[in-house]
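**Student:** Make one complex out of these two single chains by using the hints.
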Amino acid sequence: MFEILSDRLQQTFKRLKGHGKVTEAHLDEAMKELRLALLEADVNFKVVKQFTSKVKERALGAEVMKSLTPAQQIIKVVREELEALMGGQAAPLSLSPSPPTVMMVVGLQGAGKTTTCAKLAAHYKKQGKRTSVIAADMQRPAAVEQLKQLGSDWDFEVYSGSEDPVTIAKNGLEHAKSHGHAVVIIDTAGRLHIDDELMSELENMRALKPHHVLLVVDAMTGQESVNLAVAFDERVGLDGVILTKMDGDARGGAALSIAQVTGKPIRYVSAGEKPDSLDIFHPDRMAQRILGMGDVLSLIERAEDTLEKDKMEEQAKKMLSADFDLSDFLIQMEQVKKLGPLSSILEMLPGMPAGAAKNMKVDDNAVARMEAIVLSMTPGERREPGILNGSRKARIAAGSGTTIHDLNQLIKNFNQSKKMMKQMGGKQMKKMLGGKGLFNGGFGE
Amino acid sequence: MRKWFGKSSDESSTEEQAPQDEVVSIEPDPEPQEETRSVWDKFRTGLSKSRDNLREQLTETFRRSEIDEDLWEEVEEALIGADVGVESTMDITAHLRKAVKTEGIKDASDLWDLLGQEVSRRISGSATEILNQEGKVFYLVVGVNGTGKTTSVAKIARKLSLSGNKVLLAAGDTYRAAAIEQLKIWGERLGVDVIAHQRDANPSAVLFDAIAAAKAREVDTLIADTSGRLHTYENLMGELEKMRRVAERELDGYADLKVLLVIDATTGQNGLIQAKQFAAAVEVDAIILTKLDGTAKGGIVISICDQMDIPIAFTGVGEGMDDLEPFDPALFAEALIGVGNHDDF
Ligand SMILES: Nc1nc2c(ncn2[C@@H]2O[C@H](COP(=O)(O)OP(=O)(O)OP(=O)(O)O)[C@@H](O)[C@H]2O)c(=O)[nH]1
Ligand SMILES: [Mg+2]
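Residue numbers (our numbering), protein chains in the order written: chain A, 4 to 448; chain B, 772 to 1116.
Don't read these hints as lab results, they were simulated from the structure. Don't take every hint at face value.
16 angstroms max Cα-Cα, derived EDC-like pairs, lysine to aspartate or glutamate [said to hold, decoys possible]:
(1) A:49 / B:847
(2) A:35 / B:848
(3) B:937 / B:991
(4) A:52 / B:991
(5) A:212 / A:250
(6) A:52 / B:841
Residues on chain B that point at chain A, a partial pick, calculated with CB under 10 angstroms [unchecked claim]:
(7) 843
(8) 847
(9) 854
(10) 860
(11) 867
(12) 876
(13) 916
(14) 918
(15) 919
(16) 925
(17) 946
(18) 951
(19) 970
(20) 1064
(21) 1065
Simulated restraints on C-beta separations [said to hold, decoys possible]:
(22) A:383 / B:1051: 53 to 63 angstroms
(23) B:1023 / A:279: 40 to 50 angstroms
(24) A:266 / B:1013: 40 to 50 angstroms
(25) A:374 / B:1023: 19 to 29 angstroms
(26) B:972 / A:279: 17 to 27 angstroms
(27) B:959 / A:412: 27 to 37 angstroms
Where a beta carbon is used, it is the ideal one built from N, C-alpha and C, also for glycine.
Only chain B is shown next, with the shape it has when bound in the complex (with noise of 0.2 angstroms):
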């Protein structure tokens, strides 16, 4: 498989060729796609819309020299209010007091910098070690339900064939009404074929069909949608181990297996929960956190990076096909602590 993080221009004149005429997007951009424009822009515009400012607040804070408790709670509350967790958070607060001590910060302001440093280095955020590989790959894409896994199918399949890829997608929601649809929706938009059932079919039956298609067709990258479930379901959980099951007998070795995680950062707490569970049932290779473009900081990957150590390997950053970006830890720290809405209610 051929990389797509590389920015050599071939790439994205391909990218700009590519059929996009359906492409539903929320903020029509007027500029020329410039290849430099990061869709983390869009992630930080999306924040900045937001009538209060964080970061105004934050310096203002981290302005007064002082640091004393009430500006320790400060830091706090804009880590929790971004979800980032009770325990993560006063982990956090307790290297930076630390840190303070033994390096002499006497500056309010150093702690900027420092709060940054200490918030992205919890974070492994590594897209390339998932998407960089010479072989042939099968994505098998989790999570709970309206996450936004069938549209970061579509959007990896996107990059994927972009970058000149032969991509084929299976239809393993099986269960939610129009899920199948969806799906091929996003395939003829795409360009892609995509290898469905029946509603109701056995989704690991999807499976098998979809890998022995991959194998005749000699596709490069596979991509398989689920239904969504809750964690709590042991059922639905059992049915996802089968399918990975399946999946490993089936690829026989033909492509490399990565399960990726669908998580929205809208969640709160439960995200954790969630990691655990699909994790315990189905290897997590690699998490997608979806939906950053709202004002949701997405925090709960920290306590998740904190207690797990899975790799964030994409954001989502919008209902369109090309929404999608490799994660960026001290982007996205900067985001986290830096923009962000605080309003008074």
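Chain A with its partners taken away, still in its complex shape (with noise of 0.2 angstroms):
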């Protein structure tokens, strides 16, 4: 199994740590450590070449060489050289003053350019703006189909034809201008970057100007990316990329290939198959995630378009105080089942190797098991586990078809987690839930 990339970093540099002061012939070992982290993270093998030189003519300046802590400022190095490559900032595209904005994504066969049209449309057209889905992809079979379902599931209108692509995209955008749509977005069927023939076809779409032109690409790409991300920018020319599939446990690699490559800026990233599971791209998160510092932005992203705000308000407050019971322990649990498997959840916090989390296997049962114990107690028992004895204990692990054991579990993390709360004070839970930060944001401009 592969190591990630950010073990291989912390052992690299704990290493490191041992000597002090770095020499060059430390680096050279940390830098070897580095390259092969990347490449295992799908980095093309070129795009490390380059990375690691620029990283250790960095290191080599005397920001690390004289600093009692080379192991951090080599990470802070990395971070940062990773961080610029990927674009530096978020770049999430902005509407065209003179409506409507015209968007035209294009990529490889199955990287996800249907359903990332598809959550397009629903974002605009969840922002109020009318919005539409032209269907340009004559290629696949019962693509055009696909856009209608989705259209009609998620509210956005499809726009279709029979002619040749080019033809429908423009007959499309007459459509829209006529119908004072604000946002227009073609979808292409999916070809290789290799096909002459379907790459002047784009050529010739691209002739009707759209606003944007969008590559989306699996983040599960191996060392081509590089390849294809040059011949689509030469050939159509690129005003950003779109990262699908991050749902998925692929390190990502093709991000930090292509950005280098292409120079373009990666704008979103798409993990899931629902509507709103389109995030602008974060450079910084990425680089951290990459090393293994865990998303915790994006955890808390999520648990914010995830939660019941109110909900967990109420919770939090009496968590605080002293009625905090199992039943309200219970709700907490099913909050945070909400916000997707445990293993992904766990994967975005700091520290928490990506494979780890896996072999872990998380049991997502254990949540069913908890709400059918808590409904076999008494309103008596919920309010104080402490009168639970053998013969109310065997009641209700047989009332709830789970063991004593499992009952046990329960009121040990119960309690464990209301001793955390009291020692984590008001202070920092009201600091975490309160104003701003927390409960607003999500994909937004």
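**Tutor:** This is the structure:
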């Protein structure tokens, strides 16, 4: 199994740390590890070469060599360079002052173009903008039908026709203009970047002057990311990239490679099959994630979008008060469950190596068991688990179809989190939950 | 079930008569459809379309008489650039270094053959084992989103129905928009029936009905499409496990169950994790490696074979119904190290 990049770097730098002061030989050792780790993360090998030599160059500078904490300094350099390489800062798309804003979505077969078009459309529609998607994929069977179904599910208009793709796109744009649409998105057929004929079709479509041409790339893409991005950029001209299937566990080295060779910003990442799973790409978070520092910010944002704010605030208050009981604990667990598979939540936490959460085999059924247990308790027992004796426990276990061991485990967890809450004290919790930050944000521009 | 690898002439004549009107072909072939024209040619043509040529570069490398560290580094980069992965790459070069020593190889050009042998030795491709069976077979086609599952279902159906098998398709992707319609269109093109439910129906129920229909109609081959799913979702993997269980129970010995995992050749190191996770959930019998008509070389299957011993059954080499070929390790190895894109940016 591959060790992930962050593990590698952490190990290397732990070793470096032992030496106190960094010599060039130490640095070379670290760069070797960095190279391996980046390769395993699917960063193109040429990009890896450029990247490691840049890092080394900077590391050789005074800032690292004279530092008392060289390991941290190198991590800092690596992180900064990663961020710089991936575009420095978030770059969401802006709408044109003279509508409609036209977007054209291109990419290889199976990258996720159609779903991405639909997500973009659903997003703008939700903002109250009249949005349509032009179904210009005449190649894949039922591609038009797929868009139509998504359009009716997610509430956006779909323009379709039976002509050639370029004509359809042209007519679709005219339709959108005459009907006062604010945003128009052209979905194109997947194609290989070496398919000359189909690439010139895109060139012809490009002549319709879309504001943004977006390349959709699967986050699982390997070394070819570079060639395909360069080819699409050269032939069609890209304005940005959207990285899909980020809810998988690919390290996403393609993001680094593509940003490096095209210089085009990664605009959004897509992480799910639902309409709201399109997020702004944050280079700093991606770098952090790659370095194993955890994607805490994304986790918080996901929490904001998913959890019921009122319920959470009420819970938070209650948690700090004395009468936080098992029923509340259950509600809390259910809220956590809503965030998605537990393993994917764990992966976003700092210091959690990507593979580890998977191996841990988080038991999503545990929440269901817990629910059964609490529901088998009397209100009194829920309020005061201290009264649970042997016979009560046996009754509850039998009633909920669980074991006494499960029950004891639950009580233990409950007591632990209660204790933790007390220790954390009101201040921190209130800060976390209060005012700005936690409960606003999301996709926005 | 009858074989379809045989090169008998009546099989190829059936092929020409088959309905082919609506086939989407990204590259219409002007030449007459000769039996001998392998789709692997197409694969190689595709590869050679790329501007620069790794072969030239490697030949250049191997032409240098000396086997030095620079040369090893270039071999390494060629393999890593083909998505073979660091671990397998190191393993391959370690073996080669040893061979060079023990066999006293001095000439760099001899390394060429050795590399090809070492690569093909590692991959097991046994489509024959998967396909040339006498009995009836049920193929369950699985994989992550967008790899080419539905298209592969159609391609296999095409091959098998051409060789005289009675084929039935099951629209097991009830989740993705228009996935059912997509398979139905393929069914029409192929002249093969499709058992389908409504969208959002329980996929296991689709299999249940499809197996009942297969039995009633005495079908030779039942091929089921499934929804694309990322292996990170435990619930979706659980659903797949259930589909396998239901299929086994309902087949009840009527047909052999074979699970085919579809992997996109463009995939990097995640491909190995996919293979592991899908194998853990549903016991993968063989792999279909798709999109080899692009410039991606699909080197990840070397890692998969190194670590897991799952044979590669077929390769997908285009979007048309005929663009499926039995996997050939030697040809694959040749294409992997022989030709490629080696641009400098
Ligand atoms: N070039 C090329 N394209 C392929 C190949 N196999 C499939 N495709 C294309 O890849 C795209 C996705 O194929 P599908 O068969 O729909 O993939 P899938 O795995 O069923 O996708 P989901 O059901 O959405 O997960 C389509 O445009 C296919 O035409 C291949 O071997 N080569
Ligand atoms: Mg499909």
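**Student:** Take the hints in turn and mark each one as holding or not.
**Tutor:** Status of the hints after comparison with the structure:
1. A:49 / B:847: Since the Cα atoms of residue 49 of chain A and residue 847 of chain B sit roughly 12 angstroms apart, the hinted pair holds (cutoff 16 angstroms).
2. A:35 / B:848: Status holds; Cα separation ~14 angstroms.
3. B:937 / B:991: Within the cut-off at roughly 5 angstroms; holds.
4. A:52 / B:991: violated, 53 angstroms
5. A:212 / A:250: violated, 33 angstroms
6. A:52 / B:841: holds, 15 angstroms
7. 843: violated, 14 angstroms
8. 847: holds, 9 angstroms
9. 854: holds, 4 angstroms
10. 860: holds, 9 angstroms
11. 867: violated, 19 angstroms
12. 876: violated, 26 angstroms
13. 916: At 6 angstroms from the nearest chain A Cβ, residue 916 of chain B passes the 10 angstroms test, so the hint holds.
14. 918: holds, 6 angstroms
15. 919: At 6 angstroms from the nearest chain A Cβ, residue 919 of chain B passes the 10 angstroms test, so the hint holds.
16. 925: Holds - the Cβ of residue 925 of chain B comes within 10 angstroms of chain A, reaching about 9 angstroms at its closest.
17. 946: holds, 8 angstroms
18. 951: holds, 8 angstroms
19. 970: Holds: closest Cβ of chain A sits about 8 angstroms from residue 970 of chain B, inside 10 angstroms.
20. 1064: holds, 7 angstroms
21. 1065: holds, 5 angstroms
22. A:383 / B:1051: 53 to 63 angstroms: violated, 44 angstroms
23. B:1023 / A:279: 40 to 50 angstroms: Hint holds: Cβ distance 43 angstroms, inside 40 to 50 angstroms.
24. A:266 / B:1013: 40 to 50 angstroms: holds, 47 angstroms
25. A:374 / B:1023: 19 to 29 angstroms: For residue 374 of chain A and residue 1023 of chain B the Cβ distance comes to about 37 angstroms; the hint is violated.
26. B:972 / A:279: 17 to 27 angstroms: holds, 24 angstroms
27. B:959 / A:412: 27 to 37 angstroms: violated, 55 angstroms
In this structure, the hints that do not hold are numbers 4, 5, 7, 11, 12, 22, 25 and 27, in rising order.
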